[in-house]
Amino acid sequence: MRSGSNLEQALESGRFAVTAEIGPPRSASAERIRTHARQMKGCADAFNLTDNQTAMSRMSSIACAVVLLQDGLEPVVQMTCRDRNRIALQGDVLGASALGVRNILCLSGDHQTFGSMKEAKNVYDLDSIQLLMVLRRMRDEGKLWSGDELEVAPKLFLGAAANPFADPFEYRVIRLAKKIKAGADFIQTQSIYDMQRFERWMSLVREKGLHQKVHILAGVMPLKSHKTALYMKNKVSGMCVPDSIIDRLRRASDPKEEGIQMCVEQIQHLRDIEGIRGVHIMAPAWEEKVPEIVRRAGLSSIS
Amino acid sequence: MIVGEQKPLEEIFRMLSGHERILVAGCRSCVAVCHAGGEKEVSILAEALRLRASLANHPWKVEEITVERQCEREWVEAMGPLVKGKDAVLSLACGVGAQTVQVLYPRIRVLPGLNTSHMGAPDMPGVFVEKCGGCGDCLLHLTGGICPIARCAKSLLNGPCGGSQNGRCEISPEVPCAWDQIVRSLEAMGRSDLLEEPIPPKSWLTARDGGPRRTVIPTAVISEEQRKMKGERP
Ligand code: SF4
Ligand code: SF4
Numbered sequence: 001m002r003s004g005s006n007l008e009q010a011l012e013s014g015r016f017a018v019t020a021e022i023g024p025p026r027s028a029s030a031e032r033i034r035t036h037a038r039q040m041k042g043c044a045d046a047f048n049l050t051d052n053q054t055a056m057s058r059m060s061s062i063a064c065a066v067v068l069l070q071d072g073l074e075p076v077v078q079m080t081c082r083d084r085n086r087i088a089l090q091g092d093v094l095g096a097s098a099l100g101v102r103n104i105l106c107l108s109g110d111h112q113t114f115g116s117m118k119e120a121k122n123v124y125d126l127d128s129i130q131l132l133m134v135l136r137r138m139r140d141e142g143k144l145w146s147g148d149e150l151e152v153a154p155k156l157f158l159g160a161a162a163n164p165f166a167d168p169f170e171y172r173v174i175r176l177a178k179k180i181k182a183g184a185d186f187i188q189t190q191s192i193y194d195m196q197r198f199e200r201w202m203s204l205v206r207e208k209g210l211h212q213k214v215h216i217l218a219g220v221m222p223l224k225s226h227k228t229a230l231y232m233k234n235k236v237s238g239m240c241v242p243d244s245i246i247d248r249l250r251r252a253s254d255p256k257e258e259g260i261q262m263c264v265e266q267i268q269h270l271r272d273i274e275g276i277r278g279v280h281i282m283a284p285a286w287e288e289k290v291p292e293i294v295r296r297a298g299l300s301s302i303s
Numbered sequence: 304m305i306v307g308e309q310k311p312l313e314e315i316f317r318m319l320s321g322h323e324r325i326l327v328a329g330c331r332s333c334v335a336v337c338h339a340g341g342e343k344e345v346s347i348l349a350e351a352l353r354l355r356a357s358l359a360n361h362p363w364k365v366e367e368i369t370v371e372r373q374c375e376r377e378w379v380e381a382m383g384p385l386v387k388g389k390d391a392v393l394s395l396a397c398g399v400g401a402q403t404v405q406v407l408y409p410r411i412r413v414l415p416g417l418n419t420s421h422m423g424a425p426d427m428p429g430v431f432v433e434k435c436g437g438c439g440d441c442l443l444h445l446t447g448g449i450c451p452i453a454r455c456a457k458s459l460l461n462g463p464c465g466g467s468q469n470g471r472c473e474i475s476p477e478v479p480c481a482w483d484q485i486v487r488s489l490e491a492m493g494r495s496d497l498l499e500e501p502i503p504p505k506s507w508l509t510a511r512d513g514g515p516r517r518t519v520i521p522t523a524v525i526s527e528e529q530r531k532m533k534g535e536r537p
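Which chain is which? The protein sequence lines are A and B, in order.
Using the numbering used here, you'd call the opening residue of the first sequence number 1 and step up by one each time.
Using the numbering used here, you'd call the opening residue of the second sequence number 304 and step up by one each time.
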C-alpha cells in the first residue's frame, strides 16, 4: 500500500470502485460542503474536490477536503498547475498530507480564459505529468524535487486524468502511458457519452497492457436536459456527445429522470469493459443525485 | 532587438548526430548584431563542424547560407535550392526564424543552433540587457520609460519590494533594481506624482497568458484577389 487510502484499498482488492465529485462553494462558509457530505456519505469510496474549477475562485480543494475528513468521508484533492508553481504545489501537498489527505489528482487545469478572471496571469510552471513526477519523488524518495530531504514523506495515492475524446486520438494512449510512467496510480477519464470511441480507446489501452499498470475509473456525468447535452457538445472542449443522446433527452417526457437512467445504463455498460476498475461520477450542482445513481446501478456494496 | 546566444558546441554536435547533409543558416538581422547568428558566426560554426566531422569521423557534409531575415517567408523561400537534399537545417536565427524555415520545409528537421534569450538592447559593447517582456499593453508612460514587467525580478507594478537596496535588486548585487530606476526616472522628469496612485491588477490577456498572440494590421492585409495574383494558395 502506498497511501493506505480507502480508494487504494478498494482498487487493490479488485472491488469495483466508485468516486464522486463535489464542487467547492463560491463562499467562505463550508455549510454546503457539509450538506453534500451528509447526502453522499457511504455512496462512494472517495470524493473529488475540484480545484478552482473552470478557473473560478472557490473554496480551496484542500480546505474542503479537511471538512470532508472531519465528517468521515475520504477526499481526493484535485491540484491544478494553473495557479501555483512547484514551490506552492509541494508546500500544499505537505500541508494536505499532514491534515490527512491521501489521494491527489494531478491536473493541468482549465485555462483562466474560461473563468471569470480571464485577465489573470497563469502559472503552468509544471504540467500534470511533471506534477506526478514531483509528487512521486516526495512519496517514494522522501525528497522535494530540488533533492532536499523531507523529515517525513507524504503518503500519497496519485491520480491523473485521461481524455479519450480529445485529439489527436492516437496520442491519447501514449499520453496515458506517459502519465503511468510519471507515477499515476489511478486514472479518471473525462465523462463518457460516445461509447464507441471509448471502447476503441480502451482496446488500444489493453493492447499496450496499460490497464494492468494503472487503475482506470471511467468518468460519467448525468445530463439534466437536451440543452445541457448540446452545451456539452458545442461549448465544452474535449467532449463528444453523440446526437442519439441529445435526441433521447429531447424526446423524454421527464428529461431529468431520463438523464439519470442513461447514466445508470452507462455505468452498467462500463462495468463490463475489460480494464475498467471503477467509475467516477461527476454531477456538478446535482450532487444529491449521486447516491441514487449508485444504488440504481447496483453499486451499493461500498464500505 | 531579439537577443540570442549560440548553444554550446557540444550540444550542437549532439543534435546533429544521425544527420549527414547539413545546412547552417544564419540571419543578418538581430542575431547578427548580438554576434550569435550572422554571416561571420555561420562560417565559424560551419568550420567547427567540418573540423569535428574529420576528427570524430562523422559523415557530415556542411554547407552554409545567411539570409536577410529568417523570420520572413520571402527570404526563406530563396533558400530553397540549398535546402533541397539536406537532412537538417541548423538555424542560427532566433526561434522565430527557425520556425519560419520549418513551416516552409516541413520534411526537413530544423535544429536550433541558438538559444533565443530575450528582447533587449546593448548596454555596452558585448552586453545586452532585457528591456521588454512583450506584454501587449505597454505601461512605460506610468513608469518613467523603464519596464517593470521585464526588468523587475518580480514584475511588481507598484514600487520596489522590501529587498531593494542601494539601487540593487534583492536577487543579486549584479542586477539593478528596476523600481529604483523608475523612481529616479520619474523624479528626474518631475512626475513623482505617478508613484502615488496604486496601479490595479493588470490584464495579462494581451500577454502570453492570454494564449498565443496574433497581430493583424488591417491596412496591410491583402485581399484574396491580390493573393491569387501573386500566385499564392488561398
Ligand atoms: S510594459 Fe509591456 S510592452 Fe511595455 S516595455 Fe514592459 S513588457 Fe514591454
Ligand atoms: S529589488 Fe527591485 S527589481 Fe528586484 S524584485 Fe524588488 S522591486 Fe523588483
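Simulated from the structure, these hints should not be mistaken for lab results.
In this text the structure is predicted, and so the values were computed from the model without any measurement.
In this text, a Cβ means the ideal position worked out from N, Cα and C, and glycines have one as well.
Hints are not guaranteed to be accurate.
[Stated by the list, open to error] Heads up, simulated BS3-like pairs for lysine-lysine below, C-alpha to C-alpha not over 30 Å straight-line:
| no. | chain 1 | residue 1 | chain 2 | residue 2 |
| --- | --- | --- | --- | --- |
| 1 | A | Lys-143 | B | Lys-457 |
| 2 | A | Lys-121 | B | Lys-457 |
| 3 | B | Lys-310 | A | Lys-178 |
[What the hints assert, rightly or not] Far from chain B by the CB rule (all over 12 Å, computed), these chain A residues:
| no. | residue |
| --- | --- |
| 4 | Asn-122 |
| 5 | Tyr-124 |
| 6 | Arg-206 |
| 7 | His-269 |
Against the structure, the hints come out as follows:
1. Lys-143/A with Lys-457/B: Given pair Lys-143/A, Lys-457/B holds - Cα atoms ~27 Å apart, limit 30 Å.
2. Lys-121/A with Lys-457/B: Roughly 13 Å separates the two Cα atoms, so the pair holds.
3. Lys-310/B with Lys-178/A: At roughly 29 Å apart (the allowed maximum being 30 Å), Lys-178/A and Lys-310/B satisfy the hint.
4. Asn-122: violated, 5 Å
5. Tyr-124: violated, 9 Å
6. Arg-206: At roughly 34 Å from the nearest Cβ of chain B, Arg-206/A sits farther out than 12 Å, so the non-interface label holds.
7. His-269: holds, 37 Å
Going through the hint list in order, the structure does not satisfy hints 4 and 5.
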